[in-house]
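Asks: Letter by letter, the chains look like this.
Number of protein chains: 2
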Amino acid sequence: MKITEIKSHEFTATTRRMSSKYGYSAYPIEMLQSEPREISVQIQELVTDTGTSGYWMGPPLTPWINQLAIGEDPINREWLWHQSRGNSDLDMLLWDFAGRYFETPVHKLLGGYRDKIKCYASSFPNMGSPEVFADHAEECVKKGYLAYKIHAYMYWDPFKMEPAPRSPAFPKMDVEVCKAVRERVGDDIVLMLDQACIYNYEEALYVGKAIEELNFFWFESPMPENIIEPYIRLVENVGVPVCGPEGVENLPYSRTSWILRKACDMGRSEFKYNGITGCMKTVALYESFGMRCTIHGGNWGNMPIYGATNHNTIEYYERGLFAPGHDEAYEEPPPYLKEIADPLDGQGNVLIPQKPGLGFEIDWDYIENNRV
Amino acid sequence: MKITEIKSHEFTATTRRMSSKYGYSAYPIEMLQSEPREISVQIQELVTDTGTSGYWMGPPLTPWINQLAIGEDPINREWLWHQSRGNSDLDMLLWDFAGRYFETPVHKLLGGYRDKIKCYASSFPNMGSPEVFADHAEECVKKGYLAYKIHAYMYWDPFKMEPAPRSPAFPKMDVEVCKAVRERVGDDIVLMLDQACIYNYEEALYVGKAIEELNFFWFESPMPENIIEPYIRLVENVGVPVCGPEGVENLPYSRTSWILRKACDMGRSEFKYNGITGCMKTVALYESFGMRCTIHGGNWGNMPIYGATNHNTIEYYERGLFAPGHDEAYEEPPPYLKEIADPLDGQGNVLIPQKPGLGFEIDWDYIENNRV
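Chains A and B, in that order, give the protein sequences. Per the numbering used here, numbering through the first sequence is continuous, rising by one, with the last residue being 372. Per the numbering used here, numbering through the second sequence is continuous, rising by one, with the last residue being 372.
In isolation and in its complexed conformation, chain A is listed as follows (with noise of 0.2 Å):
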């Protein structure tokens, strides 16, 4: 068995998705003003002799990753990952294929765990006052989602509104809608802080005790991942359980020093940077240390990581990022897709995909009416 190609499939699609200036992504109130623009998607193909591909949505592979695969038997996914260094787009690709190969969901393939999880919805930042945010949070509960983690203010002047540095932060803002959301979501709702590494320690430190206070349940990537030092002394000096890191690359190594340093109190990883296997190496990493992981968002990639993991390890699924008035969005699949990768069971549970691979069906109609 050999790959034989990787095919890159170039198609237009539009989005409604804005960039801003400091950089991060996701201000809700640009994109909700947005109008939509059209951008260019693609979808690489791993052509095999086998008659079966396997699919992944991003750009083509490095010249030499590409180069690295040709010729090579496509279910030797583990040989791959360490030949490439752990490169996540191939990885992706490789396991779409054998899940379609073996006609057989992906999460099944590692060894399935259950095909539903418990569902958390993570709100946008920037939403507006911390009224809003206690409206939106009490609307997700009222849908039926289990658990809602605040993403407050960042890249953001909440008293201006409008887009701001990263640092200086806006703690006490952050701390009023933690607290204008506990109150109004009563007690018994899991609450979660997720501010996407822009505090200071002092700053985390104000947030971390504020929060500990509001009984919350994890305080995620409060500080810049790249020091390990200030995210000791916050495990240390606050109750709520510090979560990370997120975005620090070369799964499962690098998680394995911020454990050992006592750096966090949970884990957290998910397929975009080394792919599957080597978020599947992290999990069991996190798992063998009796300290829970959470994974970072949905999509086709992740899906099979929560298929196939313990309830223990891994609780709550995060569908996403939602805003007023817009979370329906999150029910309709991309254009050139037939379905979404996490629908909801109404009793505040996703469900794994079902289908062999990764789950997704590509429209084929969409990508040759839209093709570049």
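Any given hint might turn out to be false.
DSSO-like mimics (lysine-lysine), calculated; alpha carbons at most 30 Å apart, straight line [what the hints assert, rightly or not]: (1) A:116 with A:355; (2) B:355 with A:355; (3) B:116 with A:116; (4) B:116 with B:355; (5) A:7 with A:262; (6) B:118 with B:160; (7) A:2 with A:118; (8) B:143 with B:179; (9) B:338 with B:179; (10) A:118 with B:2; (11) A:172 with A:116; (12) A:355 with A:2; (13) B:355 with B:7; (14) B:116 with A:262; (15) A:2 with B:209; (16) A:2 with B:118; (17) B:355 with A:2; (18) B:2 with B:262; (19) A:209 with A:262; (20) B:209 with B:160; (21) A:142 with A:338; (22) A:355 with B:2; (23) B:143 with B:118; (24) A:118 with A:142.
Since the hints were made in silico from the structure, they are not lab data.
Given chain A, put chain B in place with the hints provided.
Replies: Then chain B, alone, in the frame of chain A:
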């Protein structure tokens, strides 16, 4: 897809292996002297509603594991692993089923890394004088083995040449064996020593320092593994890499403590305690720490682990216990299997099985003719 039954096949076969008075079963002298005797052998069959079964060689599952499995999806290995508290017998049946169902060898399901692995010969313990060991090591090197692991004297008095209690051991005589072997094979051959947990701390320290001088590759399981503290001291005080634990159950969690407490320089594991699922989690843990892992023995159960892991984590394959005049026995399968798990390639490697599942083919005619 459901597990409908777990069926037991019981039949007779012959063996020459005897148990010893003191509980360690591998005495070559007794064994070579003993007449073949008839024993009862059992193969379990995991029956599913797919028409495909999984098989494993071992006694019937305990009633509660059996009851747990019936009606469940056999693909949900991860779920069943957690619910069964890592039961190995069930896990092996599930892996063999999965491979047969998908018509692929288990190491490929796990994400293949290699199809062969460097091989070492292990000596039987208590083979005779140090010269007998040296003769045998030389013979193994001539046959193409790339390394040689010594089991010197254990549960055995090397002066009286008869069974003896585990402790006190005979460390000076063990060192004489190591010296004789090193002298005979020269400095370029990789040598290891495994003393199967017989020493106290002082004995282990004495032997460890001696084989450090003799440039041994690892010192395996020198002391009982139910006490971790002397291992920590040994790692601090000898330069030869200390390798273990082997027989501590509850993978991968038990290994975490050994790593964290610096009780070993190299890890050890195998399928027997918590199945391939547990062992692969453990290997991910060792890999995350950049620590080498060694696997106890061959067997169809371990072969997929060798085939799906990288050479920096697991470098050598252990091909059973050898003794002069007795090594051909390893080239023949037991009468109820059609092949051996680990054929040699003539260049010091063993080949990973490539047939579906764990790779063994059962000789059903033999079983039918010898059913109990």
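Asks: Give a verdict on every hint.
Replies: Hint check:
| no. | hint | in the structure |
| --- | --- | --- |
| 1 | A:116 with A:355 | holds (14 Å) |
| 2 | B:355 with A:355 | holds (26 Å) |
| 3 | B:116 with A:116 | violated (39 Å) |
| 4 | B:116 with B:355 | holds (14 Å) |
| 5 | A:7 with A:262 | violated (44 Å) |
| 6 | B:118 with B:160 | violated (37 Å) |
| 7 | A:2 with A:118 | violated (39 Å) |
| 8 | B:143 with B:179 | holds (21 Å) |
| 9 | B:338 with B:179 | violated (40 Å) |
| 10 | A:118 with B:2 | holds (25 Å) |
| 11 | A:172 with A:116 | violated (37 Å) |
| 12 | A:355 with A:2 | holds (23 Å) |
| 13 | B:355 with B:7 | holds (23 Å) |
| 14 | B:116 with A:262 | violated (39 Å) |
| 15 | A:2 with B:209 | violated (50 Å) |
| 16 | A:2 with B:118 | holds (25 Å) |
| 17 | B:355 with A:2 | holds (18 Å) |
| 18 | B:2 with B:262 | violated (44 Å) |
| 19 | A:209 with A:262 | holds (18 Å) |
| 20 | B:209 with B:160 | holds (26 Å) |
| 21 | A:142 with A:338 | holds (28 Å) |
| 22 | A:355 with B:2 | holds (18 Å) |
| 23 | B:143 with B:118 | holds (14 Å) |
| 24 | A:118 with A:142 | holds (15 Å) |
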